[in-house]
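Enquirer: These are the residues of each chain, in order.
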Amino acid sequence: MAARIHPLLGAFAILVFLFLLAPLVIIVGASLSDTTYLTFPPQGLTLHWFANIFEISAFRNTAITSFQVAILGTALSLLIGIPAAYALNRYRVGLPKWLGTLFVLPILVPEIVFGFSLLKSITIGLGLPIYPSLIIGHALLVLPYSVRVVGASLASFDFSVEEAAISLGCPPWKTFMTVVLPNIRAGVIAAFILAFITSINDVSISVFLTGPGISTLPIQILAHMEQFFDPTIASVSVLLMLVTVGVMAIVEATLGLTFLTK
Amino acid sequence: MNKLAKWGLTMPATILVVALLVIPVLATIATTFGEPKGVFSTYQAFFNSGFRTNILYRTLRIALITTAISLVIGFLTAYVIAQMPGRLKSIAIIAAVFPLLTGVVVRSFAWLIILGKNGILNSSLMSLGIISEPLSMLYTEGSVIVAMVYLFVPLMILTLTGVLEGIPRDVVEASASLGAKPIATFFQVILPLAMPGLIVGAVLVFTGSFTSYATPQLLGGEQMMMMGTLLYQRAMVTFDWVGASTIAAIMVVITIAVVSIMSRMARRLNPMAV
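Sequence order for the protein chains is Y and X. Going by the numbering used here, the first sequence opens with residue 92, and the numbers climb by one from there. Going by the numbering used here, the second sequence opens with residue 125, and the numbers climb by one from there.
Any given hint might turn out to be false.
Said to hold, decoys possible - Lysine-lysine pairs mimicking BS3-like chemistry, simulated, CA-CA at most 27 Å apart:
1) X:Lys127 / Y:Lys265
2) X:Lys305 / X:Lys213
3) Y:Lys188 / X:Lys127
4) Y:Lys211 / X:Lys161
5) X:Lys130 / Y:Lys265
6) Y:Lys188 / X:Lys130
Said to hold, decoys possible - Not everything, but these chain Y residues come out facing chain X in the computed CB check (under 7 Å):
7) Phe108
8) Gln159
9) Val200
10) Met332
No lab work stands behind these hints: they were computed from the structure. Ideal Cβ placement from N, Cα and C applies to all residues, glycine included.
Given the sequences, and given the hints that come with them, work out the whole structure.
Expert: Right under this line is the structure:
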């Protein structure tokens with residue numbers, strides 16, 4: 092597509108980008124303010140609020156939980172999602188159509204309904220402790236990324252390569268690991284990143300599954316905000332933005348950021 | 125062998141989704157029909173309560189307004205991005221991806237700093253002498269809508285940039301060389317071709333805002349509850365699980381209805397489909 096852009100339209104787009112980025116700049120500014128309340132522009136500069144995060148054990152603990160849950164939940168979703176994506180693409184005929192839809196249900200069902208139902212079924216119904224409940228809940232939440240994104244990679248994989256390896260005597264499992272997996276590497280990385288970021292930022296599921304003693308960082312931020320409205324929240328937010336920067340750097344290095352518009 | 129493999133490989137994911145998503149959600153919905161007062165008594169109670177129906181209508185209204193605003197902003201911005209030269213385009217995409225990947229709590233929190241009583245907007249308006257008393261902007265429908273638009277515009281921009289880039293250059297050039305003015309090309313060529321993408325974007329934003337929890341929790345508070353915050357309150361504060369399940373069931377039905385109607389519309393409106 093190519094067309095000329097009216098200057099007014101160009102100006103509008105610039106305003107949109109200001110609208111998108113200004114609030115994030117404001118958070119960074121507020122996190123540096125030498126005041127006990129949130130303000131922008133910062134009055135006096137201090138890193139005190141960043142130090143404060145590490146002094147509050149609830150932030151330390153929930154940050155660790157969030158990372159563990161995101162990594163383990165994502166790993167579990169890939170572990171069950173990649174075989175499913177492989178089967179859906181490899182044996183297209185013979186598998187019922189609804190199977191593909193089944194695996195994207197976690198994004199179709201309202202997250203808050205899913206979270207509430209998980210609480211009733213696994214935390215209370217099965218009496219599962221909080222930590223495994225969180226991991227399973229997050230694994231299911233991000234399963235659609237594992238199945239769909241890896242599936243998109245597999246859709247463009249030429250399975251005759253795999254058949255060649257097998258007919259030359261390579262065992263199926265080894266064929267998958269040495270022939271198929273390297274070819275869908277980009278899809279697996281992308282699925283991992285999308286799943287990780289979704290899990291680490293999740294509120295609607297975690298809010299039902301966290302409990303006394305074990306919580307995730309976003310839930311802890313919400314709880315802290317109900318009592319204090321100081322720049323600590325802004326500095327935690329800045330750290331979360333740094334995680335985003337890190338993730339984007341990984342995307343750029345492995346897949347290129349244009350990947351995200353596809 | 126193949127038969128075993130294809131079912132075996134899909135089995136773990138199938139079992140997990142069925143056991144931990146399908147059955148629990150259906151069970152949640154099923155409990156709403158098991159009341160001694162009658163099969164539909166909890167729904168009658170919901171729709172007879174002005175408080176709760178108000179929240180349903182408010183949620184629908186906020187989701188619709190958010191979708192409409194995000195569509196316009198997202199489409200125009202994506203249109204500009206699609207024309208940008210390579211390098212500038214990457215920067216624009218990074219600027220849209222960054223907020224998208226930043227969590228909903230962080231992005232909603234930013235609007236607390238901006239719209240609060242002692243927030244940036246109030247203090248700037250006061251120092252400019254436009255107002256003398258700080259305005260109460262938080263905990264209104266407006267504050268929720270602003271934060272939701274902020275939440276969903278990046279998603280719309282990225283979805284629609286992909287769609288617009290997929291429109292073949294030749295089609296646009298053909299329209300121009302046949303004498304169509306840019307405005308006519310926009311409305312008669314680009315817009316219809318982008319329609320399926322616009323509908324996909326609208327569905328994403330509508331369902332996302334209709335079912336949101338964190339944003340109305342932070343920016344709407346008790347005064348401006350939405351379905352998501354009402355569900356949470358009923359489940360975890362008043363422990364009215366049947367009431368919470370009723371809200372859940374209504375949310376599921378509306379979400380499914382919107383998704384299926386809109387995706388049917390997207391298929392019908394696709395001019396590329398023969």
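Enquirer: Starting from the hint list further up, note which numbers the structure goes against and sort them upward.
Expert: 8
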